[in-house]
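Novice: Whole structure, please, built from the sequences with the hints as guidance.
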Amino acid sequence: MEDQVVRWFSESGLFAIWISVLLNVVISLLGFVPSVFLTAANITFFGFSGGVILSIIGEAIGAIASFYLYRKGIHKFLPKKEFNNKFLNRLHTSNGLEAFILILALRIFPFVPSGLVTLAGAVSKVNLSTFAIASTVGKIPALLIEAYAVHQVLAWEGQGKVILALTAFLLILILIIKSSREK
Numbered sequence: 001m002e003d004q005v006v007r008w009f010s011e012s013g014l015f016a017i018w019i020s021v022l023l024n025v026v027i028s029l030l031g032f033v034p035s036v037f038l039t040a041a042n043i044t045f046f047g048f049s050g051g052v053i054l055s056i057i058g059e060a061i062g063a064i065a066s067f068y069l070y071r072k073g074i075h076k077f078l079p080k081k082e083f084n085n086k087f088l089n090r091l092h093t094s095n096g097l098e099a100f101i102l103i104l105a106l107r108i109f110p111f112v113p114s115g116l117v118t119l120a121g122a123v124s125k126v127n128l129s130t131f132a133i134a135s136t137v138g139k140i141p142a143l144l145i146e147a148y149a150v151h152q153v154l155a156w157e158g159q160g161k162v163i164l165a166l167t168a169f170l171l172i173l174i175l176i177i178k179s180s181r182e183k
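Under our numbering, the first residue of the sequence shown is numbered 1, with each subsequent residue one higher.
No incorrect hints appear here.
No farther apart than 27 angstroms at their CA atoms in a straight line, the calculated lysine-lysine pairs in the DSSO-like style are these:
hint : residue 1 : residue 2
1    : Lys-72    : Lys-86
2    : Lys-86    : Lys-178
3    : Lys-125   : Lys-86
4    : Lys-72    : Lys-125
5    : Lys-178   : Lys-161
Calculated directly from the structure, the hints in this document are not laboratory data.
Specialist: Right, here's the structure in full:
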């Protein structure tokens, strides 16, 4: 996927920046698609610093757009949403400084899906500006860590990438087996 996005960037010239931002907004709106392939494409095409900055801008705009659209539509369908995470549930009922700190912390933690943080924020009492600032500031360290990891993987030769792919496959297989046993 990363290779295809890099091709789109190279074919689009000056519009590559806008394509990257637009893809980030679409990924954010979908809420469940990981953006790591776009971060990789941004780093590959725009260089490490430029790619990281563009990823931060794109993800910030995407999170704000998602928050706004989720908030406009979500109360019709999920007025009393409960989450399986105590921090997301706490965010759901908080506002002000507490909501700011929770959003900031949840954005930094790599284990909490970005779409869930945005959804929890959208159904909470937090206002758009508090969400936007906390979300963007929290995404910066998370994206720096992600970008560094992506950069390291991109530098690996074939053998390292095969080991990574096999490890990922085994982890997914373990999760599938574990989840099927719990049912």
